[in-house]
Amino acid sequence: MDAAGWVQLALIIAGFVVITKPLGIYLVKVLDPDVGGRLWLERWLGPVERLCYRAMGVDVRKEQTWKRYTVSMVVFTGVTMVFTYVILRIQHILPLNPQKMGPVRPDLAFNTAASFSTNTNWQSYGGESTMSYLSQMVALVLHNFTSPAIGIATAAVLVRGIARSSAETVGNFWRDVIRQTIYLFLPASLIYAVFMLFQGIPQNFLPYTAARTVEGITQTIAQGPIASQMAIKMLGTNGGGYMNVNAAHPFENPTPLCNFVQIVLFIALCSGLTYYLGRMVKNQRHGWAVWGSMFGMLLVGIIVCWWAEAHGNPRMLALGVDPSFGNMEGKEVRFGIANSSIFASMTTATGCGAVNAMHDSFTPIGALVTLGNILVGEVIFGGVGSGLYGVLVFVFIAIFIAGLMVGRTPEYLGKKIQARDVKLAALSMLVVSIFTLGGTAWASIASWGTAGLNNGGPRGFSEILYAFASGVGNNGSALAGLTMTPSNGNIMWNFTQGLSMLFGRLFPAIPVLALAGALVKKKAAVADAGSFPVTGPTFVILLTSTIVIVGALTFFPSLAVGPIVEHYLMTASSLTF
Amino acid sequence: VSFGGRRVEEGQSTGPPPGVAWPVLREDPGTQFQPLVRRSATMLDTLFIVVTIAFFAITIAYTAGCERL
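Protein chains in written order, with the numbering used here: chain Z, 1 to 577; chain A, 1 to 69.
Calculated from the structure, these hints are not laboratory results.
For each residue, glycine too, the CB sits at the ideal point set by N, CA and C.
Each hint should be verified, as a subset may be incorrect.
Some chain Z residues judged to face chain A by a derived CB distance under 7 Å, without partners named [stated by the list, open to error]:
| # | residue |
| --- | --- |
| 1 | Val74 |
| 2 | Pro106 |
| 3 | Lys423 |
| 4 | Leu502 |
| 5 | Ile510 |
Full structure from sequences and hints, please.
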């Protein structure tokens, strides 16, 4: 844990702290212009926005109830998922395929379509050896724009439910998605793509280059329209790489500056959304309190992961490996221990899922941090939008518990929390654990489940648990070492993982929308001395404790037979698997 | 030590020499279109489309369930 690493960590934290407020204010203008005021970009892009509405036949002046909003979201997700599936299956007869890629096999197309439409971006394939340029640019990038927009829209609905009083409607789905796309994601991605080009990332339609190396062998250099996809990959916490090795590849992450900017970008919107929350509910200190809870958990995770990786594997050290290197297995030499650990901790906490190191090579404690970040429900900043509504569900539970402790009706920002609200919040949390643990249990005892493992023993179990946690949590990173698309044609991994991503995205989101529908109808009371304060250290500690305790109670047994026992086997036994 | 077939002396970088691109793996047998899958492709396409439609139908029913909760 060297000084250079601490400086880099400090710079990354400073980077996303600085942009939290301006981004939050911008988000209010994009999502709720009636609150935040008109955007300066509307002067030029307003006609494009109105053209989109006319083309779709949508009257955006009419807001929707939570049910109509949900149906719009479900239908849009379903239709775009089928679109992606079809494109992947027929890519061999479509243009922009200079490498003559064949059709993506059905189970992989299903898995990929589910993965990208749910903002998971789990990849059971190597991008440069499977996808045509058209598939990358149309079938996959479509979701890189729309899936984060849907996540933010869902969070905005819940925030409106809290902020509005005695209302019926929660917003308009089509307006929320289109405004984000036009005023946020497209302009930001354009600027960032140009920066990526400047950093050396390719952007072309050329066939792959066959190069002769100094060793005298021929190697194929994959390329294509990469820079344009890197921006939205990070900004939208998508994480799906153009290349198989994702941000470890020099074409996806060529320089230290690029690595720094990518990390800041994939946490930027998640952080800015907490400011959006504070601005919308007219309690900025509450927004910062939620931010503080997330940041505390993030920082602890980063330091623990970095410490574990910097101290390395004692069995390797016993063989004479220089301890100053730490655990460099599976890490890029150009990034080193600190940047790999920070990236891994933040990509799992934020729901991004991009990787610049092989997570399967992390020490058990390092892997425990990445797994734990996902298992607490992707609420440590989380995915864009899904992180905010996920943590707000925990806020409801925390205030409900506090209300029980002091014997008062729980109240959140003037809204009474009633039995139905708590049921919906609990349902949103429970479905995550049901699908994560249920899927893990099934795959652990099924022959198709264990057939894809690269490791035995507790690490093998962790690979399965990680796969389902990442799928249900819509993270998309992998502990890796798990083959989901076996050459024998077995479809079970891709099929079950595809379903887990769909359930993990929509089944927690729908109770959140229902909760927003219930809250928006309630009349907000003026907070008095008896109201539970949702700012300050007491609230931050209560919220953090609720998240950690619920996560620990739900997943500790499975972690105990995975990374925890592996740590003790590594340090206090000679067993190998 | 030997790194990718190239002998590397102590203190020398193990990265690629200047001007040489990093190696890219092209072989990925897991994603090739295997004969077994090709034979059953039509059946699997039908299965996955039906499963997708069924999932979204269940989701609509789940929405109605949340309303009644």
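To see whether the hints hold, each was checked on the structure:
1. Val74: 5 Å, holds
2. Pro106: Interface hint status for Z:Pro106: holds (4 Å vs cutoff 7 Å).
3. Lys423: 5 Å, holds
4. Leu502: 6 Å, holds
5. Ile510: 5 Å, holds
Checked against the numbered hints above, the structure breaks none of them.
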